[in-house]
Amino acid sequence: MKYHWNWGIFFEQIKYGDETYLSWLISGLGWTVAVSLASWVIALLLGFAIGTVRTTPRTWLVRLGNAYVELFRNIPLLVQMFLWFFVVPEFLPRNLSLWVKQEMPAKEFVTATVCLGLFTSARIAEQVRAGIQSLPRGQRMAGLAMGLTLPQTYRYVLLPMAFRIIIPPLTSEFMNVFKNSSVAFAIGVLELTFQARQMQEDSEQGIETYLAVTVLYFVCAFIANRMMAFIEKRSRVPGYIAAAK
Amino acid sequence: MIYRFRLSLFLLAGLLATTPAFAQELSGTLKKVKESGTIVMGIRESSYPLSYLDDKQQPIGYHIEICNKIVEAVKRELEVNLKIQHQPVTSQNRIPLVTNGTVDIECGSTTNNEARQKQVAFAVTTFVTNVRMVVKKASGITSLSQLDGKPVATTSGTTSVQLMRAHEKGKNVNFKEVYGKDHADSFLLLETDRAVAFVMDDNLLAGLVTSSKNPQEYAIVGEVLNIEPIAIMMRKDDPAFKKIADDTIRGLIKSGEIEKLYNKWFLSPIPPKNVNMNFAMSETLKGLIKNPSDAPAEFYNKK
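If you read the sequences in order, they're chains A and B. FYI, the working numbering numbers position 3 of the first sequence as 3, with every residue one higher than the one before it. FYI, the working numbering numbers position 29 of the second sequence as 29, with every residue one higher than the one before it.
Among the hints, a few may not be true.
The list that follows gives simulated cross-link-like pairs (lysine to any residue, SDA-like), each with its CA atoms no further than 20 Å apart [stated by the list, open to error]:
1) K118/B with F10/A
2) K118/B with I207/A
3) K176/B with G17/A
4) K136/B with Q102/A
5) K171/B with Y16/A
6) K15/A with R165/B
7) K176/B with S97/A
8) K150/B with W99/A
Don't read these hints as lab results, they were simulated from the structure. This structure is a prediction, so every number in the text was calculated from the model and none was measured.
Model the full structure from these sequences, guided by the hints.
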């Protein structure tokens with residue numbers, strides 16, 4: 001293969017301007033981290049709320065929760081991005097629609113964060129439900145028999161244990177958020193994948209570009225993994241669930 | 001069997017008798033093509049009217065016709081019959097596919113620039129595009145300087161935004177750039193009022209306008225941000241193959257056939273929708289037809 005290698009390309013200036021390609025990738029990384037962390041917060045809050053609701057005795061709440069999960073789980077993430085960005089604003093009143101489309105600050109970032117947050121929340125809701133349902137029935141009964149209300153039973157008995165059980169799948173989900181944030185390039189968030197495409201087009205050093213971006217994504221996901229591993233270790237209750245090392 | 005064996009002996013004898021001198025000279029693409037009996041042509045699926053698929057999914061277009069002529073010349077040179085294999089490429093993978101040997105000749109809409117010349121070679125320029133903007137006529141926008149604080153669309157993975165910033169009229173203008181993932185998406189941004197202008201190669205803009213719902217609503221306006229020579233692409237350091245390509249194009253220019261091809265694809269109704277792009281030949285291309293050149297974009301945009 002006749003490829004012209006140039007590993008110094010990251011320190012070279014872009015074609016029209018005084019930035020370097022490295023500064024493009026770093027700003028892309030910043031947006032990737034921002035989108036991922038912001039949507040992770042949304043996903044955790046909504047995911048825990050909806051997952052919990054799906055295990056309550058209220059049938060209509062359970063159905064609503066199930067519908068929510070199935071809605072967001074069954075549509076591809078990329079399609080959801082387009083739906084939020086291109087389709088939803090068209091159903092708003094004319095003035096609000098124009099405001100969303102032209103004036104709303106950081107509209108791509110907001111749209112991508114909400115979209116990725118909701119998508120991930122459906123997955124977390126499913127894990128939370130599974131976590132709660134994996135607990136022996138007696139736990140809930142004991143809580144209620146002691147005179148705790150239903151919310152108190154969840155708060156003090158069920159959720160603390162369910163959370164510890166689902167830390168491993170939550171770890172994967174946290175890593176997924178970083179990787180899935182790459183889809184946000186499609187609606188114009190200037191994140192890492194976007195900058196990689198831009199850099200490849202501008203510099204024609206595609207292999208170096210994508211190798212660098214691969215490493216950056218790997219590092220992000222790996223840091224997420226280690227953070228969750230730390231939380232898993234610190235929150236462990238000796239003698240309960242996993243054996244202490 | 002015997003017949004085939006004798007045939008191959010006959011061919012072998014013919015080969016040895018007629019072409020011993022140049023058999024040794026064959027190298028690069030010509031050697032690869034002769035050995036495999038196949039030439040792989042990189043094509044685009046929707047680069048109207050340079051290279052695209054018709055309603056039967058067959059590649060057609062201005063550059064496809066020119067490439068077919070080049071392949072004919074290669075056949076004459078090698079004195080073999082070649083099978084043409086079409087390989088669809090995208091703007092992301094076209095250069096890797098040429099450098100790694102998957103594609104022998106790329107007949108799409110690739111800008112010849114200095115960065116790319118480090119990886120690949122280009123035939124003499126056969127088309128020139130100007131980077132400009134398309135707006136809705138109702139907006140009254142005719143210049144970059146009117147875009148201050150307004151959302152301007154472009155396609156991710158292209159460098160139009162940097163071009164706008166670098167242009168003297170764009171220096172003091174604060175653009176709010178918005179990005180589509182491909183040209184159709186970017187045009188949608190303009191169509192749905194998320195952007196007031198879309199900056200891109202003018203031939204692509206003309207194509208998008210022509211195929212839009214209300215073509216008369218749009219106008220291509222404003223300063224030329226960059227002049228980009230578009231050319232057929234091949235592997236670097238392969239002078240024998242490049243010479244055949246260049247000579248073929250020079251021949252088309254000399255015989256006046258290139259103008260006929262231009263008229264056929266840019267100034268007449270073309271399939272599949274039978275619309276006319278009405279895209280007159282730019283002054284730069286007229287000049288290049290008088291004096292063919294494979295100079296990169298930087299040559300035309302000296303500041």
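Results of checking the hints against the structure:
Taking the CA atoms of K118/B and F10/A, the gap is about 16 Å. The hint holds against a cut of 20 Å. The straight-line distance between the Cα atoms of K118/B and I207/A is roughly 14 Å, inside the 20 Å bound, and the hint therefore holds. Only pairs whose Cα atoms come within 20 Å are accepted, and K176/B paired with G17/A is accepted, the gap being roughly 17 Å. This hinted pair checks out: K136/B and Q102/A have alpha carbons roughly 15 Å apart, not beyond 20 Å.
Between K171/B and Y16/A the alpha-carbon distance is near 12 Å, which keeps this suggested pair within the 20 Å criterion. Only pairs whose Cα atoms come within 20 Å are accepted, and K15/A paired with R165/B is accepted, the gap being roughly 12 Å. About 18 Å separates the Cα atoms of K176/B and S97/A, which keeps this hinted pair within 20 Å; it holds. Between K150/B and W99/A the CA atoms are separated by roughly 13 Å; this keeps the pair inside 20 Å, and the hint holds.
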